[in-house]
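Protein sequence lines, in the order shown, are assigned to chains A and B.
Count the first sequence with the numbering used here and you get residues 18 to 471, in order.
Count the second sequence with the numbering used here and you get residues 18 to 471, in order.
Hints are supplied without guarantee of correctness; some may be wrong.
A pair counts as met if it fits within one copy or between any two copies, since identical chains are not told apart.
Claimed, not checked - Derived DSSO-like pairs (lysine-lysine); straight-line CA-CA distance at most 27 Å: (1) K291 x K112; (2) K158 x K112; (3) K112 x K340; (4) K158 x K336; (5) K112 x K336; (6) K291 x K158; (7) K340 x K291; (8) K112 x K289; (9) K158 x K289; (10) K340 x K289; (11) K336 x K291.
I should point out that these hints are in silico values taken from the structure, not numbers from a laboratory.
One-letter residues, chain by chain:
There are 2 protein chains.
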Amino acid sequence: MADLLIQSQLKSLLLATATEAENGGLVLAGVLLSLVIIYFSSKLGGEICARINLPPVLGELVGGVVIGISALSLLVFPESGASASNSLIITILEKTAGLTPEAASGVFATQSEIISVLAELGVIILLFEIGLESDLQELIKVGPQAAIVAVVGVVAPFAAGTAGLVYLFHTPLIPAIFAGAALTATSIGITAKVLAEIGQISSPEGQIIIGAAVLDDILGIIVLAVVASLAKTGEIQVTNIIYLIISAGTFLIGSILIGRFLAPYFVHLVNKMKTRGQVLIIGLIFAFILSYIATAIHLEAILGAFAAGLILAETEKRKELEKQVIPVADILVPVFFVCVGARTDLSVLNPAIPSNREGLIIAAFLIVVAIIGKMVTGLAVFGQPDLNKLAIGVGMIPRGEVGLVFAGVGAASGALNQSTEAAIIMMVITTTFVAPPFLRLVFQEPKKKIIVDS
Amino acid sequence: MADLLIQSQLKSLLLATATEAENGGLVLAGVLLSLVIIYFSSKLGGEICARINLPPVLGELVGGVVIGISALSLLVFPESGASASNSLIITILEKTAGLTPEAASGVFATQSEIISVLAELGVIILLFEIGLESDLQELIKVGPQAAIVAVVGVVAPFAAGTAGLVYLFHTPLIPAIFAGAALTATSIGITAKVLAEIGQISSPEGQIIIGAAVLDDILGIIVLAVVASLAKTGEIQVTNIIYLIISAGTFLIGSILIGRFLAPYFVHLVNKMKTRGQVLIIGLIFAFILSYIATAIHLEAILGAFAAGLILAETEKRKELEKQVIPVADILVPVFFVCVGARTDLSVLNPAIPSNREGLIIAAFLIVVAIIGKMVTGLAVFGQPDLNKLAIGVGMIPRGEVGLVFAGVGAASGALNQSTEAAIIMMVITTTFVAPPFLRLVFQEPKKKIIVDS
Chain A
18 MADLLIQSQL KSLLLATATE AENGGLVLAG VLLSLVIIYF SSKLGGEICA
68 RINLPPVLGE LVGGVVIGIS ALSLLVFPES GASASNSLII TILEKTAGLT
118 PEAASGVFAT QSEIISVLAE LGVIILLFEI GLESDLQELI KVGPQAAIVA
168 VVGVVAPFAA GTAGLVYLFH TPLIPAIFAG AALTATSIGI TAKVLAEIGQ
218 ISSPEGQIII GAAVLDDILG IIVLAVVASL AKTGEIQVTN IIYLIISAGT
268 FLIGSILIGR FLAPYFVHLV NKMKTRGQVL IIGLIFAFIL SYIATAIHLE
318 AILGAFAAGL ILAETEKRKE LEKQVIPVAD ILVPVFFVCV GARTDLSVLN
368 PAIPSNREGL IIAAFLIVVA IIGKMVTGLA VFGQPDLNKL AIGVGMIPRG
418 EVGLVFAGVG AASGALNQST EAAIIMMVIT TTFVAPPFLR LVFQEPKKKI
468 IVDS
Chain B
18 MADLLIQSQL KSLLLATATE AENGGLVLAG VLLSLVIIYF SSKLGGEICA
68 RINLPPVLGE LVGGVVIGIS ALSLLVFPES GASASNSLII TILEKTAGLT
118 PEAASGVFAT QSEIISVLAE LGVIILLFEI GLESDLQELI KVGPQAAIVA
168 VVGVVAPFAA GTAGLVYLFH TPLIPAIFAG AALTATSIGI TAKVLAEIGQ
218 ISSPEGQIII GAAVLDDILG IIVLAVVASL AKTGEIQVTN IIYLIISAGT
268 FLIGSILIGR FLAPYFVHLV NKMKTRGQVL IIGLIFAFIL SYIATAIHLE
318 AILGAFAAGL ILAETEKRKE LEKQVIPVAD ILVPVFFVCV GARTDLSVLN
368 PAIPSNREGL IIAAFLIVVA IIGKMVTGLA VFGQPDLNKL AIGVGMIPRG
418 EVGLVFAGVG AASGALNQST EAAIIMMVIT TTFVAPPFLR LVFQEPKKKI
468 IVDS
């Protein structure tokens, strides 16, 4: 009897272990399938856009929309309320790889998390690459202009958006402030990718945009902290804001100073090493440490990666490192852009749904403010008459995922009603998708110089 | 009152969302920190080994042991029974990044899963690279020899191990069969990495070893299915075994035939594309599709990746693809080897623990059988007197992670007692760590040719 009991216990233990190993294999299968679909859609979209003279990154975003929640539902994420049964990849795994319905939700959650982290690693590598292509001296030179562009790009759309909503649409103050705050963000990823595609990162305009976008990222974190604490407690926690400002400043300046001090040792170390991939791995260790520190002090990981790239760009290993980072970026960065597209829910744009209509009107207003509010930033640049000021303004337009964070936090806090939330999402979609071709156009005109990256 | 209720609900919703976003950030932070530690230990170990003329991959394995469950506990996995409180990385996250103890176990589980999948992607990329460096014609030419090496390498250690345990140690038949089965595996990853390091992949010996190791992988899956069904039901499911043999054969031959047919279209497609990274991404799409199919039909993903590499190696894009895969391999492959080391629990080797002593004696026997049983395979190679037969035999020695799977399944099924399980683990550790320097030695002697990869 006892023997039988033990035997049955052992059997269930064996089954549990077998199931676990099986699920481990199925998570890997799900990740492989997701990557195949992500790569396929990003390349298809990118190639189509390259052929009609649009930025490839726009194609990656649209490719993501096509496979995402808005259309094919191949790539969906639990955060957007999707469950395993909504995911076509999970259905494929059930049909072809023997995934059981009981195990489906676990596999779905784990593989979504893995794709999300790969996307985050993608944007970290992108900013590391952008940092490598940037020039610290040039950034310091354009620093004052970049700071003005960043500050004007936060104040102008915030003031115009909030005031417009309160006076024109009679929106209550707190949701109006939230919507205004969502207008302040700049998606550095999208602009930087387009600049890289047209070979304009190291131009003065490119460096002003990159510098301003980095500062905007910090300002965005501060603005988010302000409005989130406003929504949560009804008041602004000054200490928290001061902490954020000091930690961001200390981090950026400190990491660059310490990094410059350590850079010669990096070159020395790499020269001494005998095993394969030493430049890339030591570079990534540096980038990941700074990314980790940035995350740990509640900044964004990409700030650390950008700082690391900036520091290593000053060493003699820059060219070698850049060359080795390219294939890594090629396999990780598309995951980021496709995921941004896949998370975009276009159903908020459908005017057939009555509740969307009010949102559409507010959205139209927000879009106008979002575009004009950032384009004026170019005019704020002083002292350099030769600069393409239009290009600088346009470079600040895309809101990308940063804007969606505002909409998400606002909705979760209850501060935003559905139509205002939908309006913010529409504004984010429009600015994100309009900016890349627009940016390419304004850079193309004055210089008559097109560099198609290949 | 209702208002207050709604307000409190909203507040908890906001908190939940904030916590979720926070945990997402902490998972990323955990992954970044794990990668930093993995890269650091792999490079430190690799560099030390390169300096004392040992294969760098041995250094990566030892580096993994140092940061793993046996020593520093920086990188531990839930499957080995570790919980969040055992993980030093989780402790660091709690101390520096504000991880709360309540969230720790979730973050630990997710980040462990992510690192595991990165490791699996690492071995997939490694086998893809090995496939690219291999020569299909040469593999077909050495096919008969490779098949003999594989079959002898399965039969000899299995028969000697099982018979020895039954007659010398009076082990019951089922555990003896399990231990014998664990002796049959060959870790293609470790041997292939060493061959790549010393520039011997495309030599006739290298191709025989690779071919035999690939066949061994298939034979290993079949043997595992046999012994697992023996332990579970007490009988052998013949249909299951026939299914595995047919599906493995169909998959390998079918994918190579279809792949060769599709290869010209691959070249044509890549030549037509205008965006960055087209060779690499299209190559990886191909590799991941075959890996997915292999997983779906219960083979191993690495078989698909190897087949994909083999097919693409025949195209004119081989050189370009190889060059672009290298940096990707450089960042993913060390994750695999460090994880193999980190999962290795050296405490089974401690003779101070009485229960280990019986295991140590059995282990000594298993190690002798494991080494001799594979070394005789070289003698089975016929018709080519110039071949370095010793090198072929030594190349088949490392059991690696495949052997641990046998120990794990055996222990979970209750077929193995503790000392036999510990003996198998010791055998796996010894063969895995002894093979790389041994392999380097036997390849070095006759040819007087050392190529240190750099």
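Okay, the hints, checked on the actual structure:
1. Proximity of K291 to K112 under the C-alpha cut-off of 27 Å is found in neither arrangement, the shortest distances being 48 Å within a copy and 35 Å between copies.
2. For the identical chains of this complex, K158 and K112 are neighbours neither inside a copy (59 Å) nor across copies (38 Å), given an alpha-carbon limit of 27 Å.
3. Proximity of K112 to K340 under the C-alpha cut-off of 27 Å is found in neither arrangement, the shortest distances being 41 Å within a copy and 37 Å between copies.
4. Proximity of K158 and K336 under a CA criterion of 27 Å is satisfied intra-copy only: 23 Å inside one chain copy versus 42 Å between copies.
5. In this assembly of identical chains, K112 and K336 lie within 27 Å of each other by CA distance neither inside one copy nor across copies; the values are 47 Å within and 37 Å between.
6. Proximity of K291 and K158 under a CA criterion of 27 Å is satisfied in neither setting, with 38 Å inside one chain copy and 35 Å between copies.
7. Taking the shortest alpha-carbon separations for K340 and K291, both the intra-copy value of 19 Å and the inter-copy value of 19 Å come in at or below 27 Å.
8. Within a single copy, K112 and K289 get their C-alpha atoms no closer than 52 Å, and across copies no closer than 34 Å, so neither meets the 27 Å cut-off.
9. Taking the shortest Cα distances, K158 and K289 never come within 27 Å of each other, neither inside one copy (34 Å) nor across copies (41 Å).
10. For the identical chains of this complex, K340 and K289 are neighbours both inside a copy (20 Å) and across copies (23 Å), given an alpha-carbon limit of 27 Å.
11. With identical chains, the CA atoms of K336 and K291 are at most 27 Å apart both within one copy (19 Å) and between copies (23 Å).
The earlier numbered hints that this structure contradicts are 1, 2, 3, 5, 6, 8 and 9.
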